[in-house]
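Undergrad: This is what each chain is made of:
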Amino acid sequence: MKNKNGQMRVIETILASFIIVFALSFANILAITPTSQKYEATELEKLGYNVLHDLDEQGLLARFVYTEEWDDIVAALRVTLPIDVYFNMTVYYLDDTNVTKVNQKPISYGYPETFVTSKNIASITYGLIGYPIGNNSTYQATYDPRIIILQLARG
Amino acid sequence: MNAVYDHIIAILVVGMIFVGAVVVLPTMSIVNLQAVDQQQLRNTALNVFNAMLLDTGEPVDWGSFRSFKMNDPRVQRFGLASAQESKFYVLDPDKVQRLVVGNPMNYCDYTRVRELLGLQNYGFHLRIIPPFNVTFLDTHVTPCCVNYKASVAYLDGTPIPNAQTYATVVYAKGKDYFNITQSGPVGTNPMGICEGTVELGITEPDYYMVTLRVTVADVATLVATSGEPFNNTIAIINVVYDTLVLTSTKDPPDYNEPPNENVWILDIVAIGSQGLLWHLFDGTKAGQDNKFNTGVGTFELWYEDFPGLHDFEPVVFIFNFWAVDPITGLGRQQVLIVMAYPDVLGTSVFDYGGSLKNVRGASVKVQRSVVISSMTYTAELWLWKESP
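Here the protein sequences line up with chains A and B, keeping their order.
Just so we're aligned, residue 6 is where the first sequence starts under the working numbering, counting upward by one.
Just so we're aligned, residue 4 is where the second sequence starts under the working numbering, counting upward by one.
The following block holds chain B by itself, in its conformation from the complex (with noise of 0.2 Å):
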C-alpha cells in the first residue's frame, strides 16, 4: 500500500513540476521572445517599405495605365518608385494616385496590396504626411488687386520664418475675360505670416482663386489654394501621365441621369513644380471637341493627351468652364475649378490600409523622407501581424 502512495505522490509531484515548467519558463523568456518578434517585425517592414519606395513595381510604368481596371490584374509586382528618376525614394504620382479609395480611373485596394506584397498575415498602413502647414488667414479684393495672407507652420504650429511664397492669382470676369498673374516671392516674418498684393489685369473679377506655391529653405514646396470649396458638379479632374481626363461626378452606373448640361471648357492651365505656366488648352463656347454633357454619354467625359505633360511635373490645374453656375444655378458663366495634383496629397494626409485602431501597441513604424513631383514629404509605414 505504501508503494502505491509513494507512486501518487511521486506522480502528482512530476506533474506538478511539469505544469510549473510549462507556465514559469516561457513567462521567463517572454521579454525576449517579444524583442525577437518585434525585430523581425521590424526588418518585415523594413523590406515591405522598401519594395514600396524604392521598387518601381512591374509593368515598371503600371500607374500610367490608361484603361486600368480595378484591381488591374496586370500589376504582378507592387511597387510607387517612379520609373524615369535614378535618384532613390522618388515617387511616381501616378502610381500613388493608384491608391485613392474611390478614384474614378480606378485604383488597387488594400487586400490587392497586400496580396502583391505577399503581407496575406500582416496588417500595414501607409501614410504621406506634407512637410509643414499653410493656411490662408484672409483673401480679398481691392478694385485693382487681389491681398492674400497666409500662415505657414512646422507640423507642431511652430511659425515658419523666411519661408518663400509665390502666389498666382486666377480669375474671370463677365462672358470672356479670364487671366492668371503671378506674384513674389514673398517672405513669411517672424510669426510665419507672409502678405501680399497681386496687380490684376481689370477691377473687380467676378471669379477669383489665389494659389500659393510656399518653399521652405529651397527643399521642400507646398501648394495651396484659396477660395471656399463650392458643391462640384460639373466634372472630376484626373490625370493619367500625358493625359487629362474629365470623368462624370456621378458614380457609376448612374451617370447618365440629371442635371444633363452642357459645359464647354474654355482654358486648361498647368503650373509646373517650379512656377512655371502651361496654357494646355484654349477652346471656344461653340466648339466641338471641348464640349461635354454632364448626364449624357460615358463616365469619362472628355479626354486630351499633351504631351510631355508628365515631365513637365504640373502640381496644380486650372480649368475654366463655360457652365451654368454652380453656386447660383442661373445663367451660363465662367467657372473656375483649380485642382492639386496629386490631388490626394496638397496640404493633407494621405492615408491607405488598414485601420490603426488597437494595434498601435503590437505594431512597428519605419518612415522616409520621399520625393513626390519635386515635393519632399514624410512616408510612414506601419506593420502588424494579423491572424489568418
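In isolation and in its complexed conformation, chain A is listed as follows (with noise of 0.2 Å):
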C-alpha cells in the first residue's frame, strides 16, 4: 500500500509539472509583449516628425506644398532622410465637406511594394494651415489647410 502511494506521488508531481508548464506556455502566448517591429514604426514615427517639422521650421514645407513643388518636396526629404527609409506623401486639401488629394504626381521614394508587404509602416499625420503672403510690410496669411500624410518603411 505504501509503495502504491509512492507512486501515485510521483504521478501526482508529473502531473502538476506538466500543469505548470503548459500554464506558462499559455501565459507566454496570450503575453502582449512590446515587439521590436512595434518600436521600430515609432522611431520611424519620431524621425518622421523630426524631418516634416525641420522643413516647417526653416519655411519650405508650406512653400512646396502650396506652390506645388513636389520634386522639390522629394529632394528635400531624400537628403533629410537616411537613405534606408523609404517614404511615399500625400498632401491633401480640406475643405467643409471633403478631402481632395491634391499632388497627382506622386511623391514617394523606393519600390511602392514596400509599404504593401512590409509589416513596419510609420504613418506621420502634419497639419499645415496656410501660406503667409506678402512682404514684411503687408504680411498676412490665409487660412488654407492642407493635411500631409507621410508613410515612413525601412528599405
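It should be emphasised that the hints constitute simulated quantities derived from the structure, not laboratory data.
Think of the CB as a built atom: it goes at the ideal place given N, C-alpha and C, for glycine as much as any other residue.
Hints are supplied without guarantee of correctness; some may be wrong.
[Claimed, not checked] Label-pair ranges, simulated between beta-carbon atoms:
# : chain 1 : residue 1 : chain 2 : residue 2 : range
1 : A       : Gly132    : B       : Asn35     : 54 to 64 Å
2 : A       : Glu74     : B       : Asp58     : 29 to 39 Å
3 : A       : Lys124    : B       : Val39     : 37 to 47 Å
4 : B       : Thr206    : A       : Lys51     : 51 to 61 Å
[As the list claims (entries may be wrong)] Partial pick of chain B residues on the chain A-facing surface, computed with a CB cut under 7 Å:
#  : residue
5  : Leu28
6  : Pro29
7  : Arg69
8  : Leu122
9  : Asp159
10 : Pro162
11 : Val222
12 : Ser372
13 : Thr379
Put the two chains together into one complex, using the hints given.
TA: What follows is the structure in C-alpha cells.
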C-alpha cells in the first residue's frame, strides 16, 4: 500500500509539472510584449516628425506644398531622411465637406511594394494651416489648410 | 527494499522534471525576453541620443573653452546642442570638433564620453553622415578662366537634378597677387552634372582652388573643395569659437624639430554658410604679428581673435601663406590652404565611438536629422550592451 502511495505521488508530481508548464506556455502565448517591430515604427514616426518639423521651421514645407513643388519635396526628403528609409507622401486639401488629394504626381522614394509588404510602416500626419503672402509691411496668411500624410518604411 | 527503489525513481523523475523545466521554460519565453531586452536597449538609445543632440551639456559652452584639456574635467555633463539656438537638433560645431580624435586642441575620448553619459556597461558609435555627395570631375584653367565640372548625387548614387551650385575660386600668382572670385548659381542637369566657368582677374594663376557650395531644394547645403591634398607641413588650422589657432603639424613633444622655416600669413578669408565672404586678415611679408616658425616656439604657432566669427557660421577658411613651396621645396611662394569647417564633416562621414564589428546583431540604431553650421546632416547612434 505504501509503495502504491509513493508511485501515485510521483505521478501527481509529473502531472503537476505538466500543468505548470502548460500554464506558463499558455501565459506566454497570451502575453503581449512590445515587439521590436512596433518600436521600429515608433522610431520611424519620430524621425518623420523630426524631418517635417525641421522643414516647416525653415519655411520650406509650406512653400513646397502651396506652390506644388513636388520634385523639391522629394529631393528635400531624400537628403534629410536616412538612405534606407523609403517614403510615400500624400497632400490633401480640406474644405467643409471633402478631403481631396492635391498631388497628382507621386511624392515617393523606394519600391512601391515595400509599402504593401512591409510589416513596419510609420504613418505621420502633419497639418499646415496656410501660407503667408505679402512682404514685410503687409504680412498676412490665408487660412487654407492642407493635411500631409507621410508614410515611412525601412528599405 | 521496494520503498527504496520507489524513492530513487521518484527522485530521478522529479530531478528530470526540474532540469527540463529549467531548460524548457526559458527557451519558451526567450523570444519575449529578447523583445523586452531590445525594447529596453532602444529606450536607452533614445534617451542617450536625446541627451547628445538636445542637451547643451554642462557648462553650456564646454566646446568653446580656449584652453581645453584632454578629457577636460570641467565638462560635467555631455551634450552637443548649441546653447545659442532655441531650435531642436542644432549642434554646436565647436562641441562636435571636441569629438575628433587627434584634434590638436584636445578632445574627449570614447571612455570619457561613456563615463559622462553613464554608459559604462554599454558601447556606442556615433556617425554623422552628409546628406548627399559632391564629386569634382574636372577643373582646368584656360588663359582667363577656371572651368569646373562636378557631379551631385544622393547617397545611393542617384543623380540630383536642379541642385544649385555656387563656385568660389581662390587663386594666386607670382609673389603678390591673391584674389577670390565667386560665381553661380549653376544648376545640375538631369544627370546631376554641373559645369561652370569662373572668370579670373588675371591669366594663368600659379595656384587655384575651387570651392563649391551645393544646395539641394534649399534645404541641404554641402561644401566641397577641388584639388589634390598635399602634404601640409606649414600648420594645422583650428577654430575655437571666435579664435583661429594655428598649431604645429608635428606631434608633441617633438614639434621643435626641422623643418624650421619662417612662414608669414598674408590673407585669411572665411566663407559663411550663406556664401558671404569675410576677409579676416591682411598681412605683409615683413610683419611680426603674422609670422611664425614651423620648428621653433610653442605648439600653438599663432592665434588671433575675430569677434563675431562664430556667429558668421564659417564653413570654409582660406589661408594664403608666404612659405616654402610644399610641393617642390624650392623658393618661397604664396601657398593656399583651404579648409572646410567643421573639418570632420565636409563631404565625408564622421565616426566616433566603439567598433561596430561583431555587434550589429545585438545593437539598436536610432537616427535623426541634425543641423551643424546651417548644414543638414543625418546623425546615427548605435548602442549595444557590453559586459562590465
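Undergrad: Starting from the hint list further up, note which numbers the structure goes against and sort them upward.
TA: 1, 3, 6, 7, 8 and 10
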